[in-house]
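**Student:** Residue 1 is where the sequence shown starts when you use the UniProt record's numbering, and the numbers rise one by one after that.
Hints were generated in silico from the structure; no laboratory data involved. Even glycine gets a Cβ: it sits at the ideal position worked out from N, Cα and C. Hints may be right or wrong, so weigh each one.
What the hints assert, rightly or not - Cβ-Cβ distance ranges computed for the label pairs, FRET-style:
1) Lys153 x Ala54: 12 to 20 Å
2) Arg97 x Glu128: 17 to 25 Å
3) Glu11 x Glu94: 17 to 25 Å
4) Pro36 x Lys167: 22 to 30 Å
5) His155 x Thr65: 30 to 38 Å
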Amino acid sequence: MTGAEGGVRLEPWSADDLWLLRRLNTPGMTEHVGGPETEEQLTARHRRYLDVTAGRMYRVVLAGTGESVGSIGYWERDRQGGTVWETGWGVLPEFQRRGLAVLAALEVVGVARDANTHRHLHALPRVENAASNAVCRRAGFTLLGEVSAEYPKGHWSMSNDWRWDLKQD
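Put together the whole structure using the sequences plus the hints.
**Tutor:** Here is the structure:
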């Protein structure tokens with residue numbers, strides 16, 4: 001993929017990564033997830049990222065240069081009477097359109113598969129979020145259809161439910 005020759009690696013979220021949340025907290029980057037958060041909300045999110053008990057948050061890093069390009073993670077979510085993994089990501093504007101989110105999503109698929117906890121990994125980008133839906137498609141997720149999803153808390157919207165079966169090759 002263009003601009004991703006060295007690939008990406010996932011670094012576990014650390015106490016030093018609050019700066020990345022701030023960089024990702026712009027109107028353009030948060031358009032499909034409820035808009036920018038306050039500093040207090042960002043700090044609370046950062047603490048949650050550090051304290052994830054099931055799943056994990058990561059900083060996405062260019063393998064060749066070590067530059068931080070975004071974040072991705074996976075966590076447990078109750079859906080349709082069972083528990084599944086859910087994933088979400090963000091790539092800084094200057095690194096977008098290079099296939100890096102696809103590579104990061106594939107890395108998370110591998111990590112979630114290795115956890116050997118849940119059969120499915122879901123991504124729920126809003127229907128109108130063309131870029132994230134393209135990431136799901138290019139990464140090999142299966143589109144199950146549209147669902148009403150709550151994010152952030154108290155805000156419902158139509159999302160595409162993309163699923164990866166972690167028990168299949």
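**Student:** Determine for every hint whether it applies to the structure shown.
**Tutor:** Status of the hints after comparison with the structure:
1. For the pair Lys153 and Ala54, the beta carbons lie near 19 Å from each other, so the given range of 12 to 20 Å is met.
2. The hint said 17 to 25 Å for the Cβ distance between Arg97 and Glu128, and at roughly 18 Å that hint holds.
3. Distance hint for Glu11 and Glu94: a CB-CB separation of about 19 Å, consistent with the stated range 17 to 25 Å.
4. For Pro36 and Lys167, the hinted distance range of 22 to 30 Å is not satisfied, since their beta carbons lie about 38 Å from each other.
5. Between His155 and Thr65 the CB atoms are about 37 Å apart, so this pair conforms to the stated range of 30 to 38 Å.
Violation of the numbered hints given earlier is confined to hint 4; every other hint is satisfied by the structure.
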